[in-house]
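Chemist: Chains as they are written, first to last, in our numbering: chain G, 117 to 447; chain X, -1 to 330; chain Y, 2 to 309.
It should be emphasised that the hints constitute simulated quantities derived from the structure, not laboratory data. Every value quoted in this text rests on a predicted model; they were computed, and no experiment measured them. Cβ atoms here follow ideal geometry from the backbone N, Cα and C, with glycine treated the same way. It cannot be assumed that every hint is accurate.
On the chain G side, residues computed to face chain X include the following (Cβ under 10 Å) [claimed, not checked]:
#1 G158
#2 G253
#3 A255
#4 G271
#5 Q305
#6 L307
#7 H326
#8 A369
#9 E373
#10 R403
#11 I406
#12 P409
Pair ranges (Cβ atoms, derived) [stated by the list, open to error]:
#13 X:H152 with G:P405: 23 to 33 Å
#14 X:P39 with G:G148: 51 to 61 Å
#15 X:L101 with G:D256: 37 to 47 Å
#16 X:P324 with G:P395: 54 to 64 Å
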Amino acid sequence: MAAPLVAIEGLTVDFSAGSRAVDGVDLQVAPGEALGIVGESGSGKSVTWLAALGLLPAKARIGGSVTLDGQELVGAPRRTLEAVRGKRIAMIFQDPSSCLNPVHRIGWQLGEALALHRGLDRRAATAESLRLFDQVGIADARRRLDDFPHQLSGGLNQRVMIAMALAGLPDLLVADEPTTALDATIQAQILALLGGIRRDTGMAMVLISHDLGVVSENVDRVAVMYAGRLVEEAPGADLFAAARHPYTQGLLAALPELTGPRRRLVAIPGTVPEPGNMPTGCRFAPRCPIADPQCAIAAPPSRRVGPMHRANCHRTIDAGGSVWALPKAAE
Amino acid sequence: MSALLEAIDLRREYVVRSKRGPFGAKSVLRAVDGVSFTIAPGRTLGLVGESGCGKSTTGKLALGLIPATSGEVRCEDAPMPPPGSAAWRALRQRLQMVYQDPLGALDRRLPIGRQIAEPLAIHGIGAAAEQRERAFSAMRDVGLQSHQFDRYPHELSGGQRQRVVLARALITEPRLLVCDEPISALDVSIQAQVVNLLLDLQDRLGIAYLFISHDLRVVRQVSHEVAVMYLGRIVEQGEAESLFAAPAHPYTRALVSAIPTTGPKRERLLLQGDPPNPVDVPTGCAFHTRCPFATEQCRRETPVLKPLGLSNDLDRRVACHRVHEPALQVAA
Amino acid sequence: MLMFAISRVLRAALTILFVMTFAFVVLRLSGDPALQIMSVDAPPEAIAAFRKAWGLDRPIWEQYLSYIGRALSGDFGKSMRDGRAAFDLVMERVPATLMLTLPALALKIGIGIPAGIYAALHRNSLADRLTMAISVAGFTLPSFVLALLLVLVFAVQLGWLPASGSGSLAHTILPIITLGTAGAAIMARFTRSAMLEVLGQPYVRAASAKGVSWQRVITRHALPNAAIPTVTIVGFMVGSLVAGAVVVESVFSWPGIGRLLVSAVSNRDLAVVQALLMVIASWMVAANLVVDLAYGWLDPRVRAAGAH
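Next comes chain G alone, as it looks inside the complex (with noise of 0.2 Å):
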């Protein structure tokens, strides 16, 4: 691809001496593409971006390399990414009601954002609020400008999360789990909004999620994760209807369609590693169907297995088939 606005190559995350909770993950997100990450817990999807924007703990210990725009972020001296965030790279989280301050009105709170990246004064910041607002379908927005957090929905406060991400006009939107604590009714609302934003304004956007659907409905790849390595690479429509990893067609075996025969579901044995006992060797392989013993020597090589299309497994898998198998759809 062209130039990326992010490459991240060769990423560690380790918290205490043996505990990895990112391994080695290389990704690139092109400006204006939408990329998906899809993971299940311990798969080190979200502990990846808070490390590119050195939102860790002290004791998290990173290595790699995360470059912006050429500019590397990891070690990269506090001031250096505090100018980063908001600004370049927006990031908005699962449970929107505790990302916001409870003491600060909303106002406040967005004001803060608008100084902080656009220099505007009260007068200026209060004019662009409404019409932040306005872009993210808040109505009745003077008034939300002076309510504090806890007065407004779940919905409502995704909405003043994305409108403060928006504040700095970034090039990216890192957006972590960014419905999963909402109604569905409103996940789709809100999801709606993303979409059209990054229409309007050719926002790069990396949604992250242990929902497929979600992830497959909103962005151009998908990428999936497996306790701190990456599985699988590819544009959303192959890796759904051809996944060429074990682990990638597990998760899409074991979801319940809504349409469609309903069929046994594929339950993957076994559960995610803890980070302190790693498997060695390709770490998914205990759950795997067609591990062998190779597998648990040695980690698993990046394969290209189609157009942008790349799985880390040592064994092939043929277009079409699924290791599971799947069971006849019920009568």
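Using the hints provided, position chains X and Y relative to the given structure of chain G.
Modeler: Below, chains X and Y alone, put in the same frame as chain G:
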């Protein structure tokens, strides 16, 4: 076949004060506002809705865990005994409940084997040795291994803990299990394990489920019949497959369209605004404030659940004034 | 808000009444004042005359009612020792006590809070552990032990400061240090855990993610939230400004409320004890009221939940 559990016009109200201190105006929160359903033996009724719709309250009312403001629950054709009475407590053997947070449902200080056997001790079933045996058997049923008998809850994973909770609920051989968001706190791959387990147990033991969840996909997977709730009322009810394949009520349609899918895109019905405050239920049809098809009649009259009259789905009932109109489409 | 204030004031008045009644009953049941004031071998007629003069021969409930009646008009009785009005006796000692407790409070807040914040910001560092260790020592050491240690070192060995008594600024230093130490230690521990709790909240990380500088995150985002629980402790300390120095005053022979309380109780000087307790209770109740109001000011969620 006779119903295992029948709920008749259940209502549950709470009196709340508006925020003005001890002399603030009182209003009534109708958590459950006239809900009726039947659960047949060995079948699953799924109850879906978003937060504040009253589905969890309905589950508790069904078991008699909280008293209903009005309405009745009948279990196997007899009225439910008053909560807390000896007859009610004896009935608990046959009606059990499983909650969302397995760690919170288990006692941190007791080994899981003892917690699984505890219901037998409570109801005075069998001697200690037999209770232990049955605990082992229950563990095997849910896919736990015998050597885990002496483990403590914090030593197990989330999925295993939920299995422990299931084993404990099943050990008295209940006829009905009320599951309130039993898998929401689990990872996707573990959710599949527990869902399969629930279906297997139903096949083998003939248990009925009242499956309460906000996740439509899982509900479709496990339910025979589904009821959709909005602000304390059932707005649509019917056979699970056809209800999700062809929803009739505008709210159900919006809900179904909101579920992201990896498959082909279907109808997109996007609702505006937030759900109204349950203390402030709109007049007439509770959904009319967000419904793209709302009319004056919707504002005045509360619709009742009526059969839809579909030839291929005789059981479908919908509470909507306009649902019978042939082509209720959203403007593109 | 008005209803809130009225109900709070009513509650306060009830509390004070309860304290006074309790003191009244206990004091009269615990020993005969007449025997205390007059020596043991005084003639029985003198003792009986004393009792009559002070109304101690009437039934308890009668004494109680007349006491309350007079209290409502401002007359809190007279000291049995020297006949002066009890209330005046008490109030003239208050400034002396405040000369110790106010600077001690400043010490507790001025040292305790910054130490706690520093420890929280440098969690698990050497400074943090040292601060916490010192703070444990600070509040586990009984105040009289600390007082005696300080006297031993600074008065006896080094001779820099006087060991007891009053009369100059130098006399206040050791008592103030003694009083302030335990409080500062508690304040530090408490502030530290309040800060740590707040620093772990999602909105702190979200504020950092916005690009807010670390200093500003601490001062404008974390501290205002950490202040909320801290106010409780400060309120408690303010409440004990009047009564909190009993032991220290005794050890240092400082003529304040504490010393008066000790002597009045041992002498069964009923009116004085009651007046003391009433003043102390009123002060504490007032301090609590202020804390309640401060909560509402600091935490908008409390304001919204309405008054109750």
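Chemist: Hints first: check each against the structure and report whether it holds.
Modeler: Hint check:
Taking 10 Å as the C-beta cut-off, the interface hint given for G158 of chain G holds, the closest approach to chain X being about 8 Å. Annotation: interface hint on G253 of chain G holds; nearest CB of chain X at approximately 9 Å, less than 10 Å. Restraint check, A255 of chain G versus chain X: the minimum CB separation of about 8 Å is within 10 Å; hint holds. A least Cβ separation of about 6 Å between G271 of chain G and chain X falls short of the 10 Å threshold, and the interface hint therefore holds.
Look at Q305 of chain G: its Cβ gets to within about 6 Å of chain X, closer than 10 Å, so that hint holds up. Using the Cβ-Cβ criterion of 10 Å, the hint placing L307 of chain G at the interface with chain X is satisfied: the shortest such distance is roughly 7 Å. With 10 Å as the threshold, the beta carbon of H326 of chain G comes within range of chain X, its nearest partner Cβ sitting at about 6 Å, so the hint holds. For A369 of chain G, the interface hint holds, the least distance from its beta-carbon to any beta-carbon of chain X being 8 Å, beneath 10 Å.
Nearest Cβ of chain X to the Cβ of E373 of chain G: about 6 Å, under the 10 Å cut. The hint holds. Interface restraint check: R403 of chain G against chain X, minimum CB-CB distance 8 Å, threshold 10 Å, status holds. Interface hint at I406 of chain G: violated, since its Cβ lies 17 Å from the closest Cβ of chain X, which is beyond the 10 Å cut-off. Taking 10 Å as the C-beta cut-off, the interface hint given for P409 of chain G is violated, the closest approach to chain X being about 24 Å.
A hinted range of 23 to 33 Å for the beta carbons of H152 of chain X and P405 of chain G is consistent with their spacing of about 30 Å. Distance hint check for P39 of chain X and G148 of chain G: the Cβ-Cβ separation is about 57 Å, which falls inside the suggested range of 51 to 61 Å. Checked against the hint of 37 to 47 Å, the pair L101 of chain X and D256 of chain G passes, with Cβ atoms roughly 40 Å apart. Remark: the range hint 54 to 64 Å for P324 of chain X to P395 of chain G is upheld by a beta-carbon distance near 59 Å.
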